[in-house]
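*Asks:* So the protein sequences, as listed, match chains A and B. Residue numbers for the first sequence follow the working numbering, beginning at 3 and rising by one. Residue numbers for the second sequence follow the working numbering, beginning at 40 and rising by one.
Calculated from the structure, these hints are not laboratory results. A few of these clues could be false.
Output of the computed footprint for chain A on chain B, the stretches with three or more beta carbons under 8 Å from beta carbons of chain A [as the list claims (entries may be wrong)]: (1) 81-87; (2) 131-140; (3) 143-152.
Restraint-style ranges between C-beta atoms, simulated for each label pair [as the list claims (entries may be wrong)]: (4) 15/A / 120/B: 36 to 46 Å; (5) 28/A / 136/B: 19 to 29 Å; (6) 46/B / 9/A: 28 to 38 Å; (7) 80/B / 28/A: 32 to 42 Å; (8) 65/A / 41/B: 25 to 35 Å; (9) 118/B / 98/A: 11 to 21 Å.
Only a predicted model underlies this, so the values are computations on that prediction, with no experimental measurement involved. Even glycine gets a Cβ: it sits at the ideal position worked out from N, Cα and C.
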Amino acid sequence: DTAVSQTPKYLVTQMGNDKSIKCEQNLGHDTMYWYKQDSKKFLKIMFSYNNKELIINETVPNRFSPKSPDKAHLNLHINSLELGDSAVYFCASSRGVGSPLHFGNGTRLTVT
Amino acid sequence: DQQVKQNSPSLSVQEGRISILNCDYTNSMFDYFLWYKKYPAEGPTFLISISSIKDKNEDGRFTVFLNKSAKHLSLHIVPSQPGDSAVYFCAASPGGTSYGKLTFGQGTILTVHP
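So here's chain B without its partners, still in its complex pose (with noise of 0.2 Å):
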């Protein structure tokens, strides 16, 4: 039973564009959304990260939205880079004492491409 869904497994955005990546979510327990990005053979970076009381966040290129009724979120990149290209995760945990329990989605493949 996968609880996040990321259900493009990949996204291909010239460079300057706008990058948009969706996140679904089964689980209304969830109190916290992540993302992350990943490069091959290093770890999880965290990007940028919303609660769920919140509908939208922004740190610099990078807006997370969310959409509680439609169990739904997404990440926008923009502009997007050529080092914007990586595996990106979306995350979810409930909160409390579970806090850090992320489910994970099975992340989607950016490429920026200049």
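This is chain A alone, in the form it adopts within the complex (with noise of 0.2 Å):
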């Protein structure tokens, strides 16, 4: 059983389109994450959803809109996508406040 899972695993799309990245996880945790991996491989924060409330955003375009349906779903939505969107994005989730987070095994994204 996979515990943090994401669809699709890829996404090929042109610029301009909008596509959605679908996240669930099933370990009960009530925050959860999206993290991009840029061009030079770092993991950044972009998003984090503490049951369903925003906690963290950071300066990412407002291109991106974060969903969560429940606390158990994140989904990111891509409005206008552009060409430096390509990346790998990752979903995360945590219980709390000193424990680990539990990433899935990414999304790569590549706009043409």
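Could you fit the two chains together into a complex? Lean on the hints.
*Replies:* This is the structure:
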């Protein structure tokens, strides 16, 4: 049973399109995150939700909008995709302060 | 401004020996430190963590040491096994409501030779 699952694993799309990445966790965690792995392979936080409430919102373009329908799901919607959005996006969850983050296997987004 | 640094891009170790991976940080606000292991095309897998109130945490073959005054932590793997070959990331987090805002190092590729 996959603890944190993301779909799709690969996403290829054209500039200007709108796309969504879905994330689900079955660990019963209260907090979920989106991270982006950039071209230099650094993982950087984008958003964090706790019980459907936005907690952390880094300086991310407002074309990126996270949506949390319930505490087990955190989806990422991206409008008007740009070439620079190409990256691997990781979803994660944790139980709370001091608990480790558990990551999904990533979604590789390629914008052409 | 890279707040978490892993200065060794790679490390090669013989099976059975000790692997020591190092990490330095600059931000005194970090309260938690975590080590992750990553294989290609997979997400980071949690290995071990330590809070800033401790200086050592051990879990099986893995031990993490924290030197707050030097802003340095290290991961010891003993004995090293070929299956340990992967990229290892050090990460640091503030506490409180910002917990989980991990700052990652750039990773160290560990290769364990049989």
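*Asks:* Per the coverage rule (Cβ-Cβ under 8 Å, at least three residues), is the stretch 81-87 of chain B covered by chain A?
*Replies:* holds (count 5)
*Asks:* Measuring from beta carbon to beta carbon, are residue 80/B and residue 28/A in 32 to 42 Å?
*Replies:* 21 Å, violated
*Asks:* Would you say the C-beta atoms of residue 118/B and residue 98/A sit inside 11 to 21 Å of each other?
*Replies:* Check failed, 34 Å falls outside 11 to 21 Å.
*Asks:* Can you let me know if the beta-carbon spacing of residue 15/A and residue 120/B is within 36 to 46 Å?
*Replies:* 41 Å Cβ-Cβ, so the 36 to 46 Å window holds.
*Asks:* Verify this for me: three or more residues of the stretch 143-152 of chain B with a beta carbon less than 8 Å from a beta carbon of chain A.
*Replies:* Held - the stretch 143-152 of chain B has 3 residues with a Cβ nearer than 8 Å to chain A, which meets the minimum of three.
*Asks:* Just to make sure I understand the rule, a stretch counts as covered if three or more of its residues have a C-beta closer than 8 Å to a C-beta of the chain. Does the stretch 131-140 of chain B meet that for chain A?
*Replies:* holds (count 7)
*Asks:* Do the Cβ positions of residue 28/A and residue 136/B conform to the proposed distance bound of 19 to 29 Å?
*Replies:* Once the Cβ atoms are compared, 25 Å apart, the range 19 to 29 Å for residue 136/B and residue 28/A holds.
*Asks:* How does the Cβ-Cβ distance of residue 46/B and residue 9/A compare with 28 to 38 Å: does it lie in that range?
*Replies:* 37 Å, holds
*Asks:* Is the hinted range of 25 to 35 Å satisfied by the C-beta distance from residue 65/A to residue 41/B?
*Replies:* 26 Å, holds
In this structure, the hints that do not hold are numbers 7 and 9, in rising order.
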